[in-house]
Amino acid sequence: MTVARPRGRQIEKLTTGTQAVAQAVKLADVDVTAAYPIRPYDGVMQAVAKLIADGELECEYIVAEGEHSQFEICKHASAVGSRVFVGSSGVGWMYAMESLAVTPSLRLPVVAMIGNRALDDPGAFGVEHNDAMVVRDLGWLLFWVEDAQECFDATLMAYRVGEDRRVSFPVGICVDGAFITHSQTLIEIPDQETVNEFLPPYDLGDRLLHPDNPITIAPQANEDWVMEIRKQTDEAARRVKGVIREAHDDFRRLFGRGGDNPFFEEYMTEDAEYVLLGMGSLGLPAKVMVRRLRGRGEKVGFIRLKWFRPFPDEELAESLGRFRAVGVIDRDYSYGSPQQGGVLFTDLRAALYDAERRPRLVDFIGGLGGRELTPEMMDEMAEITRRAARGEDVPTVSWIGVRE
Amino acid sequence: METPGRVLKLDPIRSIKKAPVEEYFESGHRTCQGCLSSLPMRLMAKAAGPRTIVLGSTGCMYVANTTYMTTPWVVPWMHTQLGAAGSAAVGTAAGLKALMRKGKIKDEPINVIAFCGDGGGADMGLSAISAALTDIEYNLLIFLYDNESYANTDIQTSGQTPWGAVTTFSPPGKKHRIMQRRWKKNVPGMLAAGHPDTRYIASGTPAMPVDMMDKVRAALRAGGPTYIHVLDPCPKGWHYDPEHSVELGKLALETGIYPLYEIKDGVLEFTGITKQIATGRRRRKPVREYLEKQGRFAHFKNQDYAYFQKKVDEMWEQWIIPCVVAFSYGGPINITGSEPRVRNKNVERVNASWTGEPGHAHEQYEGVSDAPSEPWRDDNRLDEYPNALPSTGH
Chain A
1 MTVARPRGRQ IEKLTTGTQA VAQAVKLADV DVTAAYPIRP YDGVMQAVAK
51 LIADGELECE YIVAEGEHSQ FEICKHASAV GSRVFVGSSG VGWMYAMESL
101 AVTPSLRLPV VAMIGNRALD DPGAFGVEHN DAMVVRDLGW LLFWVEDAQE
151 CFDATLMAYR VGEDRRVSFP VGICVDGAFI THSQTLIEIP DQETVNEFLP
201 PYDLGDRLLH PDNPITIAPQ ANEDWVMEIR KQTDEAARRV KGVIREAHDD
251 FRRLFGRGGD NPFFEEYMTE DAEYVLLGMG SLGLPAKVMV RRLRGRGEKV
301 GFIRLKWFRP FPDEELAESL GRFRAVGVID RDYSYGSPQQ GGVLFTDLRA
351 ALYDAERRPR LVDFIGGLGG RELTPEMMDE MAEITRRAAR GEDVPTVSWI
401 GVRE
Chain B
1 METPGRVLKL DPIRSIKKAP VEEYFESGHR TCQGCLSSLP MRLMAKAAGP
51 RTIVLGSTGC MYVANTTYMT TPWVVPWMHT QLGAAGSAAV GTAAGLKALM
101 RKGKIKDEPI NVIAFCGDGG GADMGLSAIS AALTDIEYNL LIFLYDNESY
151 ANTDIQTSGQ TPWGAVTTFS PPGKKHRIMQ RRWKKNVPGM LAAGHPDTRY
201 IASGTPAMPV DMMDKVRAAL RAGGPTYIHV LDPCPKGWHY DPEHSVELGK
251 LALETGIYPL YEIKDGVLEF TGITKQIATG RRRRKPVREY LEKQGRFAHF
301 KNQDYAYFQK KVDEMWEQWI IPCVVAFSYG GPINITGSEP RVRNKNVERV
351 NASWTGEPGH AHEQYEGVSD APSEPWRDDN RLDEYPNALP STGH
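These protein sequence lines map, in sequence, to chains A and B.
FYI, in this note's numbering the residues of the first sequence are 1 to 404.
FYI, in this note's numbering the residues of the second sequence are 1 to 394.
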């Protein structure tokens, strides 16, 4: 892996995941934001409010009366050409669902931070990925981050990719609740000039809603035209991967971070016989597990998926073909789905169906409702995957850490 | 009312002949014949002029007007979700303000108007409108066109449907003649009472076009978040011949069911016919004259008319501000801290539902004679009069 020297001056700062997002919001010079409280995302709105109060960011800060309004406010502010930031968590994100569904069809690049959280009852406030995954079929681009540094990086990346005229889609930055939103780490923050070089001004072109450009946005189309509109949206969705690659190259050149692969991070996979694959905060315990097992001579690796939408199907199929087994860790669940497994697992199986070399795939459901995923649990998952790699009979889907 | 600097200069329109000739809501829509909801759209756009952005929440003025590839809107227009007129207006106004302040677009006053129907505005969108009216930094107008039902989806009961009206959700039946048992929500009164920083709230009707256009201009001149509630007779939903639309709008004023007023900086002033009634220069007509002209009240018996009249009388005689603020003083109260006094001598709390038997207030009118002066109003022969039901559309 080649690491470029970062352009410009970088400062180091001890921040939580939410504060890191707020720092990126400031450097992106966001024009409008709308806030409504729900844990664990709300730390970002507190941080943005403080930046505005201190005069570090000039931005309209609207305290909405619910998430539906929050997301509608930002959708419409985006339509008149302002860069917007918004976010939510769990059931709050669900309350905004109607707005979430129409924003990608309107092709408005709203950037939202999703502080991943279980969908409440029975009283669960901890991390689970199902909330963000509910929009996976709607056109939202979804990026799962690993730590506060990636919170910052992903926010800049979200504006760059989402606002690209070839893309023009909303982007969700998925941040595991508590584990990342509330954990402090040291992050590197680039200077404004370098950020400006990476992130061009938001320009809607002839889609701008303004009296000088009297257009009608979202008139009522039915069977006459909806298929064509959906197809256009699909074509844009197919262009996203190319735009991500460009943005990723620029990002590495300017900031000296980001790794070789824009879509997923591979950890100690060069000679691995089997790997675990997951998203979000489980990267840290998984890497601890890999290092420990490597010390004992186990040929194990870890792959952390960053972009969940667009799903890097070809790239994953090419990479995973090298291994004999892949253990997918799902911090989500899809009741009654094929194999009764998680969403990531189901998507990955679909992605590998046409691959020439298909590893054995097993699924682990773990860490639901905010339960910790410990290195010991990782060991257990690695053991099952190792047995799968050797051709032993193991369950396709295992629930990890459940009291029987 | 003082005019802040950041709004367009829009002079009052004193007569229909002095209204601008330019249209910003043109042909190209497909509303029903006699639609009195598309007329306020046209008048509102005319009054606001070309430097305007209009946002339309889901409803018949979205579905019937902006069919894909056609649009009657000459000014920029954007759809918003059913409950989002308030938030769409705030988002648009905030976006424009931020961009102008940062020098990203030309700094100039632009009117932001978000319209909604009674379904989207008085029901699910009420919280967003209420929030918008507290965002005093943004110049915006929320324009509710009230045709008293969810007219786009087949005429269903809304929070603005009058008591007793037939809708597809409140059909008269063999057991229950009255299925719509809720009295119409007083939305402009509620918004005026609860949002003291809002500089302009008004009620209007396109049956009085000059009055309505003047109010749109006054709202846009006032600055900050403003609200106008407009009563629109709807031939399809109210079930009458389309030629009577304007007449019904006027009757709603003459019978006192719907008052015309504006509240500027917290000061209420009645306008038009309502002003004449409030100042004693005109008598209210019986509400029966208004109700009888509409198929949706064809199942009414004398007792229902009597109850309806009683409720409207209560609004005029007992409310602190006739027809607007739904409170009355229960007795002498101490306002100033000095001498106890009663502010409104007319006020006397006689609401039967408090003092009478439990049950619905309407039931006390069961004793009212229902002589068959109009035999077609007989409940048992309701089936013979299918016109008593609004058409179910398609």
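Source of the hints: derived by calculation from the structure; they are not laboratory data.
Wrong hints could be hidden among the right ones.
Straight-line alpha carbon distances no greater than 27 Å define the calculated DSS-like cross-link-like pairs of lysine-lysine that follow [as the list claims (entries may be wrong)]: (1) B:LYS293 x B:LYS264; (2) B:LYS102 x B:LYS9; (3) B:LYS104 x A:LYS50; (4) B:LYS9 x A:LYS50.
Chain A is nowhere near these chain B residues, computed Cβ spacing over 12 Å in every case [what the hints assert, rightly or not]: (5) VAL21; (6) THR66; (7) GLN81; (8) GLU108; (9) GLU137; (10) TYR240; (11) GLY266; (12) SER328; (13) GLU363.
Pairwise CB distance ranges, derived in the manner of DEER restraints [claimed, not checked]: (14) B:LYS102 x A:ALA350: 52 to 62 Å; (15) B:ARG14 x A:GLU197: 36 to 46 Å; (16) A:ASP206 x B:THR153: 31 to 41 Å; (17) B:GLY367 x A:GLN220: 46 to 56 Å; (18) B:GLY194 x A:ASP206: 40 to 50 Å; (19) A:ASP206 x B:GLU108: 19 to 29 Å.
Keep in mind the model is a prediction, meaning the values are calculated, not measured.
The beta-carbon is built from N, C-alpha and C at its ideal position, and this holds for glycine as well.
Against the structure, the hints:
Distance check on the hinted pair: LYS293 (chain B) and LYS264 (chain B) sit about 34 Å apart at the alpha-carbon level, beyond 27 Å; violated. Distance hint between LYS102 (chain B) and LYS9 (chain B) is fulfilled; the C-alpha atoms sit about 24 Å from each other, no more than 27 Å. Proximity of LYS104 (chain B) to LYS50 (chain A) is assessed by CA-CA distance (about 24 Å); at most 27 Å being required, the pair is judged to hold. With a CA separation close to 37 Å, the supplied pair LYS9 (chain B) and LYS50 (chain A) exceeds the 27 Å bound.
Once the 12 Å rule is applied to beta carbons, VAL21 (chain B) is consistent with being away from chain A; the minimum gap is 18 Å. Residue placement check: THR66 (chain B) does not keep its beta carbon more than 12 Å from all beta carbons of chain A (closest about 4 Å). Taking the minimum C-beta to C-beta distance to chain A, about 5 Å, the non-interface status of GLN81 (chain B) is violated against the 12 Å cut. Here GLU108 (chain B) does not stay apart from chain A, with its beta-carbon only about 9 Å from theirs, under the 12 Å limit.
A Cβ of chain A approaches the Cβ of GLU137 (chain B) within 12 Å, the least distance being about 8 Å, so the stated non-interface status is violated. At the 12 Å boundary, the C-beta of TYR240 (chain B) stays outside the reach of chain A, the nearest C-beta of that chain being 27 Å off. With a least CB separation of 22 Å from chain A, GLY266 (chain B) remains clear of the 12 Å interface cut-off, as annotated. For SER328 (chain B), the shortest C-beta to C-beta distance to chain A comes to about 30 Å, beyond the 12 Å cut-off, and the non-interface label holds.
Listed as a non-interface residue, GLU363 (chain B) keeps its Cβ farther than 12 Å from every Cβ of chain A; the least gap is roughly 38 Å. Restraint check, LYS102 (chain B) to ALA350 (chain A): a C-beta distance of roughly 45 Å breaks the suggested window 52 to 62 Å. Roughly 57 Å separates the CB atoms of ARG14 (chain B) and GLU197 (chain A), a value that falls outside the hinted 36 to 46 Å. The hint said 31 to 41 Å for the Cβ distance between ASP206 (chain A) and THR153 (chain B), and at roughly 34 Å that hint holds.
Taking the beta carbon of each, GLY367 (chain B) and GLN220 (chain A) are about 50 Å apart, inside 46 to 56 Å as hinted. The given range of 40 to 50 Å is respected by GLY194 (chain B) and ASP206 (chain A), whose C-beta atoms sit roughly 41 Å from each other. Distance hint for ASP206 (chain A) and GLU108 (chain B): a CB-CB separation of about 20 Å, consistent with the stated range 19 to 29 Å.
Hint violations for this structure: numbers 1, 4, 6, 7, 8, 9, 14, 15, all remaining hints satisfied.
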